[in-house]
Amino acid sequence: MTLEDIKKLANLARIDMEEVEMGEIAKDFDAILAYVGQVQEAAMEGGTRGEVSKVSESYPLYNIMREDVVTNKEEEFTDKIMKLAPNTENGYLKVKQIL
Amino acid sequence: MIDLKSLTIENTHNHFKNGDFTIRELVDEYLKVIKNNNERINAYLEVYDDIDEQIKKAEEMFKGGTATILTGIPFSLKDNILMEGHIASSSSKILENHVATYDSFVVAKLKKEGVIFLGRTNMDEFAMGSSTQTSAYGITRNPLDESRVPGGSSGGPAASVAGDMALVALGTETCGSIRQPAAFCGLVGLKPTYGMISRSGVISLASSLDQVSPLGRTVKDTEIIFNAMSFHDEKDSTSIPNEMRIIKDKTIQKRIGIPRKFLSGEGIDKEVMKNFEESCDKLKKAGYELVDVDLPSIKYSLAVYHVLMQAEASSNLARFDGIRYGRSVESDKLYDVYAKSRGSGFGKETRRRVLLGTYILSHGYYDAYYNSALKVRQMIKDELTSFFKDFDVFMTPTVPFLPFKLGEKLDDPIGMYLSDLFSAPANLADIPSIAIPSGKSESGLPFSIQFTAPYLREDILFTIGKEFEKLV
Numbered sequence: 001m002t003l004e005d006i007k008k009l010a011n012l013a014r015i016d017m018e019e020v021e022m023g024e025i026a027k028d029f030d031a032i033l034a035y036v037g038q039v040q041e042a043a044m045e046g047g048t049r050g051e052v053s054k055v056s057e058s059y060p061l062y063n064i065m066r067e068d069v070v071t072n073k074e075e076e077f078t079d080k081i082m083k084l085a086p087n088t089e090n091g092y093l094k095v096k097q098i099l
Numbered sequence: 001m002i003d004l005k006s007l008t009i010e011n012t013h014n015h016f017k018n019g020d021f022t023i024r025e026l027v028d029e030y031l032k033v034i035k036n037n038n039e040r041i042n043a044y045l046e047v048y049d050d051i052d053e054q055i056k057k058a059e060e061m062f063k064g065g066t067a068t069i070l071t072g073i074p075f076s077l078k079d080n081i082l083m084e085g086h087i088a089s090s091s092s093k094i095l096e097n098h099v100a101t102y103d104s105f106v107v108a109k110l111k112k113e114g115v116i117f118l119g120r121t122n123m124d125e126f127a128m129g130s131s132t133q134t135s136a137y138g139i140t141r142n143p144l145d146e147s148r149v150p151g152g153s154s155g156g157p158a159a160s161v162a163g164d165m166a167l168v169a170l171g172t173e174t175c176g177s178i179r180q181p182a183a184f185c186g187l188v189g190l191k192p193t194y195g196m197i198s199r200s201g202v203i204s205l206a207s208s209l210d211q212v213s214p215l216g217r218t219v220k221d222t223e224i225i226f227n228a229m230s231f232h233d234e235k236d237s238t239s240i241p242n243e244m245r246i247i248k249d250k251t252i253q254k255r256i257g258i259p260r261k262f263l264s265g266e267g268i269d270k271e272v273m274k275n276f277e278e279s280c281d282k283l284k285k286a287g288y289e290l291v292d293v294d295l296p297s298i299k300y301s302l303a304v305y306h307v308l309m310q311a312e313a314s315s316n317l318a319r320f321d322g323i324r325y326g327r328s329v330e331s332d333k334l335y336d337v338y339a340k341s342r343g344s345g346f347g348k349e350t351r352r353r354v355l356l357g358t359y360i361l362s363h364g365y366y367d368a369y370y371n372s373a374l375k376v377r378q379m380i381k382d383e384l385t386s387f388f389k390d391f392d393v394f395m396t397p398t399v400p401f402l403p404f405k406l407g408e409k410l411d412d413p414i415g416m417y418l419s420d421l422f423s424a425p426a427n428l429a430d431i432p433s434i435a436i437p438s439g440k441s442e443s444g445l446p447f448s449i450q451f452t453a454p455y456l457r458e459d460i461l462f463t464i465g466k467e468f469e470k471l472v
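Listed in order, the protein sequences are those of chains W and B. Residue numbers for the first sequence follow full-length UniProt numbering, beginning at 1 and rising by one. Residue numbers for the second sequence follow full-length UniProt numbering, beginning at 1 and rising by one.
Be aware that a few hints might be false.
Unchecked claim - DEER-style ranges, computed between Cβ atoms:
1) B/281 - W/19: 34 to 44 Å
2) B/243 - W/19: 48 to 58 Å
3) B/411 - W/67: 43 to 53 Å
4) W/31 - B/289: 38 to 48 Å
What the hints assert, rightly or not - Below, simulated DSS-like cross-link-like pairs (lysine-lysine); rule was C-alpha separation at most 27 Å, straight line:
5) B/109 - W/80
6) B/235 - W/83
7) B/111 - W/73
8) B/284 - W/80
Unchecked claim - Which stretches of chain W does chain B cover? Using the computed rule of at least three CB atoms under 8 Å from a CB of chain B, they are:
9) 15-23
10) 70-82
11) 85-91
No lab work stands behind these hints: they were computed from the structure. Ideal Cβ positions, reconstructed from N, Cα and C, are used throughout, including at glycine.
Could you build the full structure based on these sequences and the hints that come with them?
Printed below as a string of structure tokens:
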């Protein structure tokens, strides 16, 4: 991991950081990735033992949806939620120019 | 004077009924300890200002005959669990002034029981840590030895109970965050089956693993709290339907598996293992059959956990943008509002983990890390499912070592991660696990052992746990 790699990630993740810290993170990254890299080995090993089926087939997960209906009264939470926003105008969130 | 250390939920309820002391008298005792000790211990970030109203409501329940066993019981609340009208900050600067607009499912349930929430407690920022040293609001000390960490991320909740600043506590666990602080503070911590307790109103770390978890001095205390919160909730799409929760046959085989190889890795303290062997002997004498078993996949659990957690955390924390709520730093450009709000709002550990998660999920690395981790997670689940056909639980020490000194392991991320070595299999397999005190070291620090049971089988943990408590 180079400083440039970390800069790119910080940019993608929208996190402003000092260069010193990015340098430290680059070092930590190598140690952490070496450690978590075990998962590749383990997945391969499992694959050769025939234990790993396709995740999509064996993972007993399914989506739970609710009816697409309004469950709260109009404006029931609007005020409370808008109060948390740092910058508002006439009931809208205010942001810097996007385009 | 009330002997706070002798209190359990049950005997406190009886004291209330017998008029030995009132709810207010008990709460005042805790508030006195908080006033004297919290500045040093830093278990609480805030003591709530509506305690009087809560007491009044609980007293009325006793008068009106609607009191339950939890009415008037003083709780502390981890800073990532929402209570309407109160700040919930996940111990992060980015949520410093974030006032909850609604009650989390668990708080709503416990409010109905008339519990008293004394305040919110410290934690590692966004629950990222194992020692409560990454909080934006200072470290928390272990009340049993103030030069040591209380564990984490639920270090504040654990210190509040161990330090006589609450009778019981609610924390959360993603990987060890309730069991490890329970171990370090000499308490019982229960990590429930994933989906048993609604995550609605809990600030997310890694959504496929997060679970609200009770903490107390006894197994029975955690059982009572668990039962009061364990219901289906349509606001959490991963909540287990009520009909699936019914266990018809609760008989146990009295067979415990010991994953020997898993316990012989590097970095496991000799004293901890000696205590573990002694705990095993006690169970054998009590009529349990202990069998060495080989579970070859569980050694990968911690690595799998770190891949999934970082990936999920980086996605979950994308919501903090300086626009909708939380800290916002003024700037001319929209990009800078995002980057400066997040850069100054997140602490160091959080920044590092978000970057790691971003890397793991990026094009070209997604398959190598994230998809591999999902596959191995399934391997671990399969392995444990077949193991549980012949066993009630598997047993390990809760943590590989004793509570460490403040400041230790902060510059050694992998060393810190190893705190959760024995915790990870239960989180990845969605199964329940409990940490129970198992004696004290020569230096007076607490030992803890851990039982892990099949999916939905908290009942086994309560049965074996209560028996084990009597043996210690």
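Inset, instruction - State the violated hints by number, sorted upward, taking the hints as numbered earlier in the document. - result: Result: hints 1, 8 break, sorted rising.
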